[in-house]
Amino acid sequence: MKKNSFLTLFLLLVLSAGAVFVLFTFTKPDHSKGNGFRRTFGAIRTLAGSGTLDIKFDSYYIAGKAGQTLYLGNLVAPRHLLAINVATLDTQHIQLRLPAREGVAFWAVKANVDSPEVYLTDGTVPVIFHGTLREREARRMTQKAVYFLDLEPIGRHSFAIRALNSLNDARLGKLVINPVRPDRAEFPPGLLKKQVDGIFCTEGMLLSDPVRKHLVYLYHYRNEYLVMDTTLRLLSTWHTVDTTTRAKVKIATVESTNARTFSAPPPVVNRQADASGSFLFVNSALAADNEPYEEFRRVSVIDVYDLNDGHYVRSFYVPPHDDKKFRHFRVMGNRLLAQYERSVVVYPLALLPRPGASQRSLHVKPGRKTEHL
Amino acid sequence: MKRKIAIEVISFLFILLFVYAAVSKVLDIQKFRVLIGQSPVLTPIAGFVSWFVPAAEIVVSLGLAVPRWRYRGLMGAFSLMVMFTAYIISILQFSEHIPCSCGGVLQILGWKEHLAFNVTFILLAGVAIVLFPEKELGPAVVNHGHDQKKRRE
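These protein sequence lines are chains W and V, in that order. Letter 278 of the first sequence, counting from 1, is numbered 278 in this note's numbering, and no numbers are missing. Letter 4 of the second sequence, counting from 1, is numbered 4 in this note's numbering, and no numbers are missing.
These aren't lab readings, by the way, just hints derived from the structure by calculation. Keep in mind the model is a prediction, meaning the values are calculated, not measured. Careful: at least some of the hints might be erroneous.
Stated by the list, open to error - Cβ-to-Cβ under 8 angstroms is the rule here; a few derived chain V residues that face chain W: (1) 30; (2) 37; (3) 40; (4) 41; (5) 51; (6) 83; (7) 120; (8) 123; (9) 126; (10) 129.
By construction, the Cβ of each residue, glycine as well, lies at the ideal position given by its N, Cα and C atoms.
Just need the whole structure built from these sequences, with the hints factored in.
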């Protein structure tokens, strides 16, 4: 018997890689059927960028927006902020100072710019540092009182938060920091609706526009968003265009650590969102029946909703940059800013409906005034 | 003689790797099954995969430990590493949802390192198979050779 090692290696390589390939082919979800809803597009389906800024690192996230300035925070350097003028693409590096000997063990620090206020927060400690863009010195403003999962500034010393109650169910509340009295958190009943487990099934995004007409909570795993005022009074509950009314998350408990986690990939409905003026911009994860899936998986779709009446206005695509979809986005006036792995791209939003434009007919009620986005 | 040492060192490295990997999975197999379920392609077969992978790692390690079965063990080690690597490449390439348990690894550097690590081990197994002296192939492989001959005829 003669040994032919190269033939053996080749056969093993083909068989093993082939087995994995077969596995991927068989478990690939069927995208040919669509998801049972349709999107409406304007004259321009895909936005075209007007400028690109190299931000050099992939550890940035969007920390806030104000006027013409977009603020990026950095996961690796929590005290560092990058301010980008979205009209000129000029940048400014901001380094926040923390008091010396502030012995706080951070786990997940996030910067939140609500110009001119800056907050460094970590809901797992929990702690909130407060400073201003002018002074750049952050001071601790909370006692160890209220743990939170998510936080959005809604006033000079008040925040909308998502936090767990004693039964481990997430709820929305308002946290008010008062220098003389203890921190106070109020949780109005009936905002987040538990469907499966109470933590994961209600996950979503807390959003507000700096102009702050509304506070919005958009669920990740169901087609629903809540519109509230800044006292967290529920104004309305609206639905996004798709058909997922119930979160399809599957949850398991890891017995050794008693930790709850997903037992199957969570079917995301709404990936990212931003509120601007009275409009909500949603980056959905679901393809509509009238979209070719090959195109859909390359781009990021944005659906626009009117927060006043929950109306679906229209959709458009944000193209990939360097073959990758954006990570985060914000809408600022008539621009959409998309943050990719290592760059920020500016997209003019001129294609959206203008007053009197012929595009307005499709999904706009007759006689209703269309705002310029 | 040098050949033999090289093969033994490579086999030992694989035994170390696979036994470590299998034990860390089996010690908390329930957790491993939950994590496997989070993979977009493994959800429906998570139960099977959660015992098959550590079992395969242990069987291959046993094969590598016994000289008579070492050649077969090397073929198994090579195949397993190719499968793991093909899985990583595919999931990074084709999947929308990437399980969060690889969160830290997924930063570009970590991903490259992981891939380089796997490729190194694939090459090591390949080298050991090429170097393997013919007269020590072991019984099972001789049969395998017979089958191939028959098919060619």
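Here is what the structure says about each hint:
Restraint check, residue 30 of chain V versus chain W: the minimum CB separation of about 5 angstroms is within 8 angstroms; hint holds. Taken as an interface hint, residue 37 of chain V checks out: its beta carbon lies about 5 angstroms from the nearest beta carbon of chain W, inside 8 angstroms. Checking residue 40 of chain V against chain W: minimum C-beta separation of about 5 angstroms stays under 8 angstroms; hint holds. The beta carbon of residue 41 of chain V comes within 4 angstroms of a beta carbon in chain W, closer than 8 angstroms, and the hint placing it at the interface holds.
Checking residue 51 of chain V against chain W: minimum C-beta separation of about 16 angstroms lies over 8 angstroms; hint violated. Among the interface hints, the one on residue 83 of chain V holds; its C-beta lies about 5 angstroms from the nearest C-beta in chain W, closer than the 8 angstroms criterion. Below 8 angstroms, beta-carbon pairs count as interface contacts, and residue 120 of chain V has none with chain W, the closest being about 16 angstroms; its hint is therefore violated. With a cut of 8 angstroms, the hint placing residue 123 of chain V at the interface with chain W is violated, because the nearest CB-to-CB distance is about 10 angstroms.
With 8 angstroms as the threshold, the beta carbon of residue 126 of chain V comes within range of chain W, its nearest partner Cβ sitting at about 5 angstroms, so the hint holds. Interface restraint check: residue 129 of chain V against chain W, minimum CB-CB distance 5 angstroms, threshold 8 angstroms, status holds.
When each numbered hint is compared with the structure, violations occur for hints 5, 7, 8.
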